[in-house]
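Asks: The lines below spell out each chain.
Protein chains: 2
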Amino acid sequence: MALDGRIEQAVVGALALTRSGEGPPRLTAALDHAVFPGGARIRPTILLSVAMACGDDRPGLSDAAASALELIHCASLVHDDLPCFDDADMRRGKASVHRAYGEPLAVLAGDSLIVLAFEVLARAAADHPARAVELIKLLAQRTGAPGGICAGQGWESEPVINLAAYHRAKTGALFMAATQMGAAAAGQDPEPWEELGARIGAAFQVADDLKDALLTPEQTGKPAGQDAAHQRPSAVTEMGVAGAARYLKDILGGAIASIPSCPGEAKLAALVRAYAEKMTPVHLSPSAASAVRG
Amino acid sequence: MALDGRIEQAVVGALALTRSGEGPPRLTAALDHAVFPGGARIRPTILLSVAMACGDDRPGLSDAAASALELIHCASLVHDDLPCFDDADMRRGKASVHRAYGEPLAVLAGDSLIVLAFEVLARAAADHPARAVELIKLLAQRTGAPGGICAGQGWESEPVINLAAYHRAKTGALFMAATQMGAAAAGQDPEPWEELGARIGAAFQVADDLKDALLTPEQTGKPAGQDAAHQRPSAVTEMGVAGAARYLKDILGGAIASIPSCPGEAKLAALVRAYAEKMTPVHLSPSAASAVRG
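First to last, the protein sequences are chains U and V. If you count the first sequence from 1, position 219 lands on 219 in this note's numbering, and the numbers rise without skipping. If you count the second sequence from 1, position 119 lands on 119 in this note's numbering, and the numbers rise without skipping.
Some clues are possibly wrong.
Repeated chains share a single entry, so a pair holds when one copy, or any two copies, can fit it.
[Claimed, not checked] Derived DMTMM-like pairs (lysine to aspartate or glutamate); straight-line CA-CA distance at most 20 Å:
(1) Lys94 / Asp80
(2) Lys137 / Glu22
(3) Lys222 / Asp80
(4) Lys137 / Asp127
(5) Lys249 / Glu238
(6) Lys249 / Glu277
(7) Lys137 / Glu191
To be clear, the hints were calculated from the coordinates, so they are not data collected in a lab. Nothing here was measured: the structure is a model prediction, and the numbers come from that model.
Take these sequences, add in the hints, and give me the full structure.
Replies: Put into structure tokens, the structure is as follows:
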């Protein structure tokens, strides 16, 4: 996909800022480790797809938004992997940042990536200051408290979890950021794009729950069975594999139906359909497939 | 001082944003714990003092800058206190955030405060978008990598420390942010204000080294002798108490001399002199005083 090249170039450009002065070399290396090689870069892909569906008249701003969003996602992975959260040894098939560089640099790498995300947007502001400010507000809202991914993770430290708020913040927030920032980068009102992001986020949550329950660490590049091990809420424990797979299909149908009217509407619907195909992991596991059929 | 009220009001307003939706209550409480009651709020005081010396024609923007800077400072304290860094039980005379709320919420509180700082600046942008963008760039530069406080802390994980870069980033960065953001909020070129911030930062580093070596935990509200315990570079171990006290005086003289020409120049010089008075802790300790005299 042509978007891949745009996203990697934008992320590489962002990380170059951390080498633009005399910084501590191991922290700089930890930042690279956290961001490269990337995963599927799904959030920035959705962001750029929405921007293009809306005309993408300021591609520099869209690229900055895409890389900023991916940096926040990478920061969240680094901090979520820390011993006090998932204590994950591996991420994307290699050592997690704290395993490779130690816990202090993992904390600092996450912090630095959050800062870098906002710096990238501020640096792209010359292109259109008002839109850049809107992008910074949207990204902050979907990252911090009370409704961003920090808050989402924070719900796991509560004695009683508000499940709707938890899922919306933990997984949904950065997908809502993706659709809304894509629209805002192209000068469109971000509000009507929230629902699409929320639905894609909910779909990814259910898909993740299915993957966590069904796939091996070799297939996902991270430890399996983490939801059960940490007693986290999961669509699979709530409604079983077959129920979760059906639910996933329903959400994706709703996502496509929610796409606001725009020049690239059909292309965007095709993209969501393609993700839906990729997201449904049941064909990877014969036992799960039979469970769904049965 | 009248500035105190402005700063508290701005910080209270910023924290109110974290209660503007359905967030996890313990994270919200941890954010309050991290920010209130404050310490001396020195960095925002310097920021507002410089803004006022430069005319302070957009007080809303100056207030946003002051609270954003204080939020970053509070975030850095929360993360620096974590077990993988200082493992501090106390901060500002009460339990550190991770002692009061656990390590996961301490990591998330620090992250959320960083995000909130940038959100506050973006929300103040309507007043003057170009200045707000400049403020976001300045704050990011002094917070992340390669030259901000994250990088400063990162130097402590290096096998060989670049001492000049370390001090400049670890303590100097937020004081340079204070003077430069104060000027930028008032529409002045921030560049000539860097030196004043750097010198005040250096003075605070030496004063901190003196306090760490001379004062008791009851006097500072945090553990004593941490530099020696963690084998951190310190002006006291490098040049002794008397040498460090002389060095502090020299730096502060240079700071006053470096103040750029502006309407409020004399008042600002008086403020730095007042800080110098407060900063020199030798009179608090009879043994140290005799060491300096001797």
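Asks: Need the list of violated hint numbers for this structure, in ascending order.
Replies: none
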